[in-house]
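Participant: The lines below spell out each chain.
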Amino acid sequence: MTENDTALSVKAPSFLDYAPAPESTSILHLKKHYGLFIDGEFVDGRGDSFTTISPATEKAIASISNANNADVDAAVAAARKAYDRTWSKLSGADRGKYLFRIARLVQERARELAVAESLDNGKPIKESRDVDVPLVAAWFFYYAGWADKLDYAGLGPNPQSLGVAAQVIPWNFPLLMLAWKIAPALAAGNTVVIKPAETTPLSAMIFAEILQQAGLPNGVVNIVTGAGDTGHALVNHPDVNKVAFTGSTGVGRAIAKSIAGTGKKVTLELGGKAANIVFDDAPIDQAIEGIVDGIFFNQGHVCCAGSRLLVQENIHDEVVDRLKARLSTLRMGDPLDKNTDIGAINSKAQLERIHELSNIGEAEGAERWTAKCDMPQTGFWFAPTIFTNVSTSSRIAREEVFGPVLSVLTFRTPAEAVAKANNTPYGLSAGIWSDKGSRILAVADKLRAGVIWANTFNRFDPASPFGGYKESGYGREGGRHGLASYLESSGWATPAVTKGGKK
Amino acid sequence: MTRLTVPKTYKLYIGGKFPRSESGRTYEVTTKKGAFLANAALASRKDARDAVVAARSAFNGWSTATAYNRGQVLYRIAELLEGRREQFIDELMATESLSKSAATAQLDTAIDAWVWYAGWADKYAQVAGNGNPVSGPYFNLSTPEPSGIIAIVAPQDSSSLLGLVSVIAPALVSGNTVVVVAHQGAPLSAISLSEVLATSDVPGGVVNILTGSPAEIAPWLASHADVNGLDLAGAEQLEWVDLQIAAADTLKRVSGPVVGVPAPSIERIVQWTETKTVWHTKSMI
Chain Y
1 MTENDTALSV KAPSFLDYAP APESTSILHL KKHYGLFIDG EFVDGRGDSF TTISPATEKA
61 IASISNANNA DVDAAVAAAR KAYDRTWSKL SGADRGKYLF RIARLVQERA RELAVAESLD
121 NGKPIKESRD VDVPLVAAWF FYYAGWADKL DYAGLGPNPQ SLGVAAQVIP WNFPLLMLAW
181 KIAPALAAGN TVVIKPAETT PLSAMIFAEI LQQAGLPNGV VNIVTGAGDT GHALVNHPDV
241 NKVAFTGSTG VGRAIAKSIA GTGKKVTLEL GGKAANIVFD DAPIDQAIEG IVDGIFFNQG
301 HVCCAGSRLL VQENIHDEVV DRLKARLSTL RMGDPLDKNT DIGAINSKAQ LERIHELSNI
361 GEAEGAERWT AKCDMPQTGF WFAPTIFTNV STSSRIAREE VFGPVLSVLT FRTPAEAVAK
421 ANNTPYGLSA GIWSDKGSRI LAVADKLRAG VIWANTFNRF DPASPFGGYK ESGYGREGGR
481 HGLASYLESS GWATPAVTKG GKK
Chain S
1001 MTRLTVPKTY KLYIGGKFPR SESGRTYEVT TKKGAFLANA ALASRKDARD AVVAARSAFN
1061 GWSTATAYNR GQVLYRIAEL LEGRREQFID ELMATESLSK SAATAQLDTA IDAWVWYAGW
1121 ADKYAQVAGN GNPVSGPYFN LSTPEPSGII AIVAPQDSSS LLGLVSVIAP ALVSGNTVVV
1181 VAHQGAPLSA ISLSEVLATS DVPGGVVNIL TGSPAEIAPW LASHADVNGL DLAGAEQLEW
1241 VDLQIAAADT LKRVSGPVVG VPAPSIERIV QWTETKTVWH TKSMI
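Going line by line, the protein sequences match chains Y and S. Residue numbering for the first sequence follows the numbering used here, starting at 1 and increasing by one per position. Residue numbering for the second sequence follows the numbering used here, starting at 1001 and increasing by one per position.
Worth double-checking, as some hints may not be accurate.
Computed cross-link-like contacts, DSSO-like style, restricted to lysine-lysine with a CA-CA straight-line distance of at most 27 Å [stated by the list, open to error]:
| # | chain 1 | residue 1 | chain 2 | residue 2 |
| --- | --- | --- | --- | --- |
| 1 | S | LYS1282 | Y | LYS126 |
| 2 | Y | LYS257 | S | LYS1046 |
| 3 | Y | LYS446 | S | LYS1123 |
| 4 | S | LYS1282 | Y | LYS436 |
| 5 | S | LYS1123 | Y | LYS149 |
| 6 | Y | LYS446 | S | LYS1282 |
No lab work stands behind these hints, which were simulated from the structure alone.
Bound-form chain S, shown alone (with noise of 0.2 Å):
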C-alpha cells in the first residue's frame, strides 16, 4: 500500500517568522499543467507594510555586521542551500516543469551565485572606495554603504529560485534589507528559501519574502516612504513605469526590468548603495 503523502503548508516570510497573509487570502500553486501542487499565501498590502517594518528593524543590525560576518552569513546560506539539494530540485521540476537536470542546474547556478557573491562582502568596498587627493590638509576617504531598505519584484517568467537568488544576494552583500515578491507562478522554492535562511544566520527581518501578485503588492512598495530602492528586476509585464513614478515622489534608487535573470555584477551590488566621503582635517603637527 502506498503511504499517504504530508503536503507543505506554504506561508510567508516576514521579521524572521512564517505567518499567513493577514488577509487570510490563498492562491492556487500548479504545475505548468494545471495539476495542484499546494496553496500558498496571497499577499496583501499589510503584509508588504510589515514586511517594510521588520526590514526597517533589521537595518542596522545587518548594515553594521563587519563585511567578514556578512560574507560568512551569506556563504552559511550556500551551505544550507547545498544540503537541501533534494527538496529544490524537486519543487522546481514540479514548478515550472523541469527536467531533473535543468532543475539541478538552475539550483548549482543559485548556489554558485550565493558563494560568488559571499566572497564580495569584504571586497566590494574596496572596489567601489577611494582615498581622493584633495587640495588641502585633509584626509579624503569615500566608501560605498547600503542605501537601506530595497524592495525587490524577482524574475518572473523562469528559473524562479535562481532569479530570486540573483536580485537578494547582491542588495544583502552591502547591507541592506529586502522585502522581496517571489515569482507568481512558481513560489514554492522561494518558500523553500525562507526556511533555509530562517536556519542559517541570517538576522530575521534582513530578508522578507511574499508570495502573492507582484501587480497588487508592488505599488505599495513603490510608494511605501520608507523604502529607499526599488529593483522592478521581474516587472517587465507589470506597469513598470507607474512604479517607477510612484518611487519618485520619495526619490528611490531605481533598477529597470531585466530580460531573463540578472548575471551576477559587482554592478548590482553598487547599485544599491550610497557613497560616505568623509574629510577628516589634518593637524598642521
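Extracted from the complex, chain Y is given alone in its bound form (with noise of 0.2 Å):
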C-alpha cells in the first residue's frame, strides 16, 4: 500500500458527514413465531423450530418452523389439489388478475417488505427499497399480463403448464428471488411449494399474508420454510413436475443427479465468475460506478457479480486508483440506515468463507487493498477488498467468493480479453465497458455468458431473460424464455414428413 493510498482511504471526521438516519422498523408487525404456509393457512410445522436472526445484530428477529418430510408432503398434497381443482381450471384472465392483484399489494406493503428484508438479509435499506422490492412488484405486474396470452409465447397454440412446481431460492435475494419463482409459475398455471433459504425466511412470510390479502386460491403457493432436508425433500418429492433452484452450482448439480430420470423439466441458476471488461477507450467515470455497482451491490452477494476486473494494461493504474478513492467513500453499517452502502454479510458461515478465500488469495501472492471502514461491534462484516496482480490460475479468480472481494487482472488486446473472459467453467453474465460500439457488439457476440452488460451492470428487468451458459445452469428466468421454462409445447407446426423406413 502507498503512502496516498492511505490517505485516500482515512475517513477524517468533518461536518460533511451524514447523521445516521436509521428507517423505522415500527412498520413492521412481526409475530413471534412463524409456521409454514400450507394450502392458505399458517400451519406449524413438525421439525424442530428454528431463529432467524439479523446479521446486522446478530439479534433474534423470529422463530420459524422447520419443515419435515411430512410437511412437505402436504405442502405438495395441497399444491396438487390446488392444481386439479382450481388453478389449471380457472382462465387465463383470472390468473392475471390474482397476479396483478398481488403486484399491487406489494406495492401497497413496498417499505414494510424492504424494511423486513433489510433487517433479515442484512442488505442497505436503499437497495431493499430502490432494487429488490420495485423489481418485485415489476416482476408480477409483467407476468400478470402473460397469463391469458400464452398462445404468443412461441411454444405453438395452447401449450400446456407443468403442475406442480418446487422452487427452491437462495439468501441473496429472498423476496426478489420468490417473486421470480412464483410469478411466471403461476401465470403458466402451475401451482408452487417453494422453500425460501433459512437464513432469511421472513419476506416470504410476510408475501405469505399478501397472498391471503389478494384472496389466491387456497394451496396455489404453498411455503415451506427449513434448510437443505427440506430442500431435498421438495425437489425430490415424486409427486413434483418441474424444480426450479437458484443457488450454488454444487447443490445445482446435486439437483441435477437426483432428478435423473424423473421426467422432471428442471431450471437452475447457479454460480458464476463474471469477467468486467475494461477497455482504455470506456469513459472512465461510469466505469467505476459500474465496477463498484458489479462487486459491491448487496455486499458482493450475486451470482452474476462482476467478480473479475479486466483492465487494459495501460489504464490499469488509473483505474486502480480511482477504484479505491471511491470505494474509501462508501459507508458500511446499519442496513437500515437510508446512507448506508454496503450492509453485513448475511451470515456467519459465509464471512467465514470469504475470509477463506481472501487469505488463500493472498497466500497465492495477490496484493490485498481493503477500504478502511468502521467496523461493527456485533455481527458480520467484511469491508470492500481489491486484489490485484492476480492471476489467471488463482483461485479468487476462478472460484466463486460471493463477497465483497474484487480480482483485478490485466489484458492487452481484445482477443486476449475475451480469452481471459471465457477462460471459467461458468458462463452467467459479463460487462464491457467501451466508448466504441463496433468492439462492444464484437466482444459481446464473443464472450460465452448468457446476460452482458455493456456500459452498465446488474441491471435487471422482468422483461429480460437472465441464466447462464455452461456450469452456471440451466433454463432462463424472466421475458418470455422464463415463462417457457413453466410451459410445454402442445406442438410446434411441423413439416409434412413422414418416418420414412418405418412402414
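Please assemble the complex out of the two chains, which come individually in their own frames, going by the hints.
Facilitator: See below:
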C-alpha cells in the first residue's frame, strides 16, 4: 500500500459526515413465531423450530418452523389439489388478475417488505427499497399480463402448464427470487411449493399474508421453511413436475443428479465468475461506478457479480487508484440506515468463506487492499476488498467468493480479454466498458455468457431473460423465455414428412 | 463369368478424416438374416475423446460462420445425398432388410429433413430471440447461440440413416459441432453419410461419426468435461439414467430417449442453444 492510498482511505471526521438516518422498524408487525404456509393457512411445522437473526446485530427476529418430510408431503398435496381442482381450471384472464392483485399489494406494503428484507438479510435499505421490492412488484405485473396470452409465448398454440413446481431459492435476494419463481409459474398455470433460505425466511412470510389478502385460492402457493433437508425432500418429491433452483453450482449439480430419469423439467440458476472488461477508451467515471455496482452491490452476494475485473493494461493504475478512492467513500454499517452503501454479510458461515478465500488469495501472491471502514462490534462484516496482481490460475480468480472481493487482472488486446473472460467453467454474465459501439458488439458476440451488460452492470428487468451458459445452469428466468420454463409445448407445426423406413 | 466385387472398408469419421479405430478393433455387420456385409470399426474411448477434440477445434469456425453460409452448407448435404441415392438405398436394403420402396422412402425423408433444417439456419434466431422492452435507457436483445459440442446416441431401433440425420441436422443448424454414435446394427449408411459430409462443404470436425457400441462409448461422452450437450435420442436400451447422472457433473444439457425417430421441429434446434441477452446503454443524447 502506498502512502497515497492510505491518505485516500482514511476517513477524517468532518462537518460533511452524514447524521444517522435509520429507517424505523415500527412499520413491521412481526409475529414471534412463523409457521409454514400450506393450503392458504399458517400451520406449525413438525420439525424443530429455528431462529432467524439480523446479521447486522446477531439479534433474534423471529422463530421459524422447520418443515420435515411430512410437512413437505402436505404442501405438495395441497399444491396438487389446488392444481387439479382450481388453478388449472381457471381462465388465464383470472389467473392474471390474481397476479395483478399481488403486484399492487406488494407496492402497497413496499416499505414494510423493504424493512423486513434489510433486517433479515443485512442488505442496505436503499437497495431493498429501490431495487429489490420495486422489481418484485414489476415481476408480478409483467407475468400477470402473460397469463391470458400463452398462445403467443412461441411454443405453438395452447401450451400446457407442467403441474406442481418445487422451488428452492437463495438468501441473497430472498423476496426477489421468490417473485422470479412464483410469478411465471402461476401465470403459466402451475401451482407452487417454495422453500426460502433458512437465513432469510422473513419476507416470504409477509408475502404469504399478501397472498391471503389477494384472496389467492388455497394451495396455489405453499411456503415451507427449513434448511437443506427440507429442500432435498421438496425437490425429490415424486409428485413434483418441475424443479426450479437458484443457488450454488454444487447443489445444482446434486439436484441435476437426483432428478435424472424422473422426467421433471428443471431450471437451474447457479454460480458465476463474471468478467467485467474495461477497455482504455471506456468512459472511466461511469466505468468506476459500474465496477463498484458490479461487485459491491448487495455485499457482492450476487451470482452474476462482476468479480473478475479485466482492465486494459495501459489504464490499470488509473482505474485501480480511482477505484480505491471511490471505495473509500462507501459507508458500511447499519443496513437500515438510508445512507448505508455496504450492509452486513448474510451469515457467519458466509463470512468465514469470504475470509478463507481472501486469505488464499494473499497466500497465492495477490496484493490485497481493503477500504478503511468502521467495523460494528456485533454482526458479520467484511469491508470492500480489491486484489491486484491476480493471476488467471489463482483461486480468487476462479472460484466464486460471493462477497465484496474484487480480483483485478489485465489484458492488452480485445482477443486476450475475450480469452481470459471465457476461461472459466461458468458462463452467467459479463460486462464490457468501451466507447466504441462496434467493439462492444464484436466482444459481446464472442463472450460465452448468458447476460452481458455493455457500459452498465447488474441491471435486471422482468422483460429480460436471465440465465447462464455452461456450469452456470440451464434455462432462463424473466421474459418470454422465463415463461417457457414453466410450459410444455403442445406441438410446433412440423413439416409434412413421414417416418420413412418405418413401414 | 460374374465379376468379383470390391467390398468397401468402413472406417470412423473424425476431424474430417477416416481413421480406423485406434484400438484396431472391428465388428461384423450383417443382414438381418445374418449374412456378412462388412466389418465396421469398433470405436474405443480414445476414439471418442479424439472426436471431442476435433469437434472442439471445429466449433469456433462453424459457430461463427454466417447463418446464410451454414444454411447453404446444410443444403449442399441434401444435394450430395440426392446424387448418391442408389448407394444409400442399397445399403439400407441390405442392413435393415427393407424393400426398395421402404429404403427409398427413408432416404427421401432424410434428404427432405436436411432441406427443412437448412432453411432454418438464418431464421431460427428470429423465432427464438427477441428484443426486450426493459424499463430504462437500454437497448436489450436476446439471441440464441449454439451450446457447443453435442454428443449424440443416434436412434438404434430402425431407420439408421433417417435417425442419424434427425439428430445431427438440428444440432448443426445453430452452429454446434457433434460427436455421434451411429446405429450399432446398421452403421453402413452412417459411414457413407460421412463420405458425403467429407466431400460437401462441411468443415472437418463439425460432424464426427463413431461406429460401435453405444453402451461402451456413451459413458465416456456423457462424463467428458468438454461436451456441452448430451442427446440420448437412441439410448432407450442403455442405462440412460446413469448417463444423465454422469452428464450432471458438468451440468450438460440433456435430451432424453425418443421412441422411433424424432420428428423435425424447431424445438430440437433450440434445445441445443443458449440465450444470450445483451444490455446496451443508450445515451441521453
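Participant: Confirm or reject each hint.
Facilitator: So, going through the hints one by one against the coordinates:
no.	hint	in the structure
1	S/LYS1282 x Y/LYS126	25 Å, holds
2	Y/LYS257 x S/LYS1046	26 Å, holds
3	Y/LYS446 x S/LYS1123	20 Å, holds
4	S/LYS1282 x Y/LYS436	13 Å, holds
5	S/LYS1123 x Y/LYS149	23 Å, holds
6	Y/LYS446 x S/LYS1282	21 Å, holds
In this structure, every one of the numbered hints holds.
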